[in-house]
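K.L.:
Fit the two chains together into the complex; they arrive one by one in their own frames, and the hints show the way.
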Amino acid sequence: MSDAAKPAMAAAAAAGAAKTAGRSGRSTELPEHLKVYKGVWVFIEHDRGQVHSVSWELMGEARKLADKLGVEVSGVLLGGPADKLEDYAKEAYVYGADHCYLMRDPVLQGYRNEPFTKGLTDLVNQHQPEILLLGATTMGRDLAGSVATTLGTGLTADCTELNIDGRALAATRPTFGGSLLCTIMTLAYRPQMATMRPRTAAMPARDESRSGDIITMELGMIETDIVTKLLAFIPDATSNNINLAYADIIVTAGKGLKNADNCKLVWDLARVLGAEVGATRAVTQAGWLEAERQVGQTGKTVRPKLYIAAGVSGAIQHRVGMEASDVIVAINTDPNAPIFDFAHHGIVGNAMQVLPVLTAAFRSHLDKRIRKVA
Amino acid sequence: MHIVVCIKQVPDSAQIRVHPVTNTIMRQGVPAIVNPYDLFALEEALRLKDQFGGRVTMLCMGPPQAEDALRKCISFGATDAILVTDRAFAGADTLATSYALTAAIRKIHAEQAVDLVFTGKQTIDGDTAQVGPGIAKRLGWNLLTYVSKINEVDLDGKTLTVERRAEGGVQRLQTTLPSLITMLEGTNEMRFATMDDMLRAGRCQIRKWSKDDAGIEDITKIGLKGSPTIVSKVFAPKARSVRAEMQEVGDGTNVNDVCLNLLQKIFTTHPTLEHETVERLSA
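Top to bottom, those sequences are chains A and B.
If you're matching positions, the first sequence starts at 1 in this note's numbering and goes up one per residue.
If you're matching positions, the second sequence starts at 375 in this note's numbering and goes up one per residue.
So here's chain B without its partners, still in its complex pose (with noise of 0.2 Å):
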């Protein structure tokens, strides 16, 4: 079985701090790291390895530091990685990176049959999650969102049973391989690194694709080129005007007339709250 997890490098944004007087982001200090959702893809496909054999190859678009990232995929138990990294892609949009992303797909399928694509959910800086169904429509393969369990996967048969989240439940699905599966988060637990496959992934070849070695000829669908959307501007959110009407807890003695304070302030100010409150409760 061949399957291709594609990750992205990101900022851990719980550590990021905004310029309080230019408004742009502070990334000094600010480490990067493999977007958490793709560890949840990540594991998925080694279950897959580990139960059927084969490989996992991890696929990266990004800066030549992203190979931080992939090693440390590596580190996990994925088999190999490729970084497609070029300065035409710089600026690229969800439209751009899904082109880019899908050129060198078709390279390593070509290389080797690939069974299965696996993306995260979504990224925690971009928050769009729409990489995985633009790779999954480009390569004309079925797409799996939100995927929560893999029930079967049949590998003679090229058939694959899954559960996939929807509003409300579960949706069950077959399809054939092969697909593309974004995985939810919560759906398993990142394994720890054995100590043969971080000294593998220390010392082993990260491939670096350029955008010719990835076999991208159209440059107009790469990059900012490529990209549809346009950010015309940046901005801080505005505070609220008006501060929070203050009550101070002192010695703990009157406590309850703070309450009883705000209890009243809230009734008296929004009547129909409880209304609907003595209502809801009636019921």
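Bound-form chain A, shown alone (with noise of 0.2 Å):
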């Protein structure tokens, strides 16, 4: 059941939340308690010196939210003796945030579950905010999922788009596989809390001249209290450091090519061009490249400038995972494929054939120009 049930029941009904909430019996109105709730706040996400990029893009989403409640945005910020919390406040500002909310710790530093549950629930419960957003990673949605069911509030996963309905937060969401999207509300409960996938919103302009405030709480844990010990961390290897979500170009493989060695012709080109390798489920599926490499509703969400799709169908749960990028290049043998509803250039062809000609068409051009540079 759980969220999946949902679209299906309200669309079959055609009903309205209202309707819906009606006949259940189940309230939809805010109490009279919850109505202080407001601003709008944003989970600052960090790991070992770097803030993720995913809480500037909710940032600017924060920002636009609150321009239209009228209310403010506040970052939250917890983190433990070696952080650098005060410089991320500064760029927090930046990006949009009025206040910035820092509880500093030496049980945050590391990101554990427990520690972190506590402090958040507990600014939650101290100021009050009516939406709170985290971005979707491994972090952000272990941290989600257990505070909304810690304060019992709702909580909508991976959303594409954030709006206000009323004065509440209207979040659209893909379903069953992304061939749907729905919009989840949460009325009668606060804070109203969403996470959302990196690249899913846009990075939001820098306004230097903007400032802030902090406003500091204590976290009230010792170490003796957390069960969970954090005993290492280990880096990735560089060359296991699939960065898709933030390639500025990507070349995707799709099941057109037809099988594993094919996909040496995406390679080629992604090499020509500074790319990085994207593939659809069905190549993941089949092994031809790694599951880090899927784009798409159940792989990762990409907005490269440039996208080039071999022999990729364009099925929904793919789409929804590339739409955003700046230039959508499709080469696909069958004119019909979905691929070239939503691209703006399209090549009907052979990928076989084609990506070893594009490729030496860009090596060429790209040659004459590199060398100018030199």
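It is worth saying that the hints were derived from the structure and are not from the lab.
Think of the CB as a built atom: it goes at the ideal place given N, C-alpha and C, for glycine as much as any other residue.
Among the hints, erroneous ones may be present.
Partial pick of chain A residues on the chain B-facing surface, computed with a CB cut under 8 Å [what the hints assert, rightly or not]:
1. T153
2. L155
3. D158
4. S179
5. T298
6. A330
7. I347
8. R369
P.N.:
What follows is the structure in structure tokens.
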């Protein structure tokens, strides 16, 4: 059941939220004591000296929501003595925050579920925001699920669009593998929580003139209170570090390439462009490329400047992961393939035939430019 | 060792189609399967059972036909299975689902103490990854999400060391039993069902628990009533208004022209892209 059963139910009934809710006897009215909840918060995720870009992407979205509501935006920073939380706060203002809530404690050095859940829950209970946004990362999802359960409020995962309807957060997300979109609201509980995947929202513009203030709070835990110990952090080898989500150019292999060997043609073009290689679900399931390269609903969300899809049909679950790309180029033998409905440039032809020629064309063009630079 | 593995029966999303006019899911003929992510949890649980002995109890909330999914898990080697099924659960979101499953786990725990609960990373239909953390918080047990490897289990000392996927690396964490683990995909490979287990799966009794059997008294916490989230709208993704600018490769003679034309179009309409690409390649 969970979220997935509900869209079908709602669609079948063709009923609005109020009607559905009315029949079930559950309240959709916000209780009086929750009406004091004000403001939009963003949990600022950082690890080993780096803020995750998704936090700034969310800050841009939070600013838009807060402006519609006429409220303020706050960043939430939890961390240990070695974390430069004040510096991160300054960045948060530049991206749109008015305030930052800061909680520093030795037990918050390195992410662990238990102290972070307590810290964020305490901050919410103390300062009462109406909306709380987190990145849909391994940290954000771990924390969001825990905090929402502890607070007994609604959480919508992996949103692709956030808006305000009335005074409530309207969080839109793909459902049924991206075949449909549904808008989910938390009407009678606060805060309204949502996570968004990296790269779903655009990076907001920096405004260096902005500043804000810091509100601190104590965690009130000591190490012996916490059962789980962080023994080590083992960074990924750089060779395994596939940064698909933030790549400027992606060349993606689809099932139309027919076999694993033909993926070499995609690698060749990617090398010439300094691009990352992506894959469809069918390609990773067939084992032609690593699972980390999958773009789409069950893979990564990407928004490169240039996305070249070779032998990709454009199934909806793939589309939801890449349609925000600036320029989409599709190569497919089938002129009726769905990908041509949302690509900017299409080549109807065999990818195995087109890719080597396209690679050669880019190589010769770029080589000339590079020589000029040198 | 007593392990509970939570699974969900889901429609095979690869085969789902949307009705073009009504925008409703066409479920007819779409097979129901065990959520593929849950199989990694089950295999890991079975490996621990192989190593330490004990039992693996399957737990599922869903309609009566979800029994098939549980039988499938028994055929892989799970000891027994409980289906929590009640009309009162209908319309549950993740918060209400974790409430019901937690009640059932408490009941199982009372029968025989549970050391570990496993769930998959997320489901393929809801994709929320929220039920696992929800259960852990409600039980007050340690939560370990996105676990890629179980390094060590010490049953006597009641400790557990795992590797957990994080951004840019893995965390090695040590905690105590009982804990809840959400297992990352691709971490193991599901074993083949043995003939004995397949036969056992066919004839075994799947226990069916109503909300009362699961010990749920507060009906405001389950089903639609216990769900803070409300689906206000369901719709199909919008098509882009402008179709792709198309070129066709004919008998092969004009491939070069088509490619050069495409390159020119990309770089003239996005001059910064060309500049940045040259910069990146020169660096």
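K.L.:
Using Cβ atoms only, decide whether D158 of chain A comes closer than 8 Å to chain B, and label the hint accordingly.
P.N.:
This hint holds: D158 of chain A lies near chain B, its Cβ roughly 6 Å from the closest one there, short of 8 Å.
K.L.:
So, T153 of chain A near chain B? Judge it on the closest CB pair being under 8 Å.
P.N.:
6 Å, holds
K.L.:
Quick one, is the S179 of chain A hint okay against chain B at 8 Å, beta carbons?
P.N.:
5 Å, holds
K.L.:
Regarding the hint that R369 of chain A lies at the interface with chain B, is the smallest CB-CB distance below 8 Å?
P.N.:
5 Å, holds
K.L.:
Hint validation: A330 of chain A versus chain B, beta carbon distance must be below 8 Å. Holds or violated?
P.N.:
6 Å, holds
K.L.:
With chain B as the partner, please determine if I347 of chain A meets the hint condition of a C-beta pair closer than 8 Å.
P.N.:
Holds, because the Cβ-Cβ distance from I347 of chain A to chain B comes to roughly 5 Å (cut-off 8 Å).
K.L.:
Next item in the hint list is T298 of chain A. Is there a CB on chain B closer than 8 Å to its CB?
P.N.:
7 Å, holds
K.L.:
Hint validation: L155 of chain A versus chain B, beta carbon distance must be below 8 Å. Holds or violated?
P.N.:
6 Å, holds
Checked against the numbered hints listed earlier, the structure breaks none of them; every hint is satisfied.
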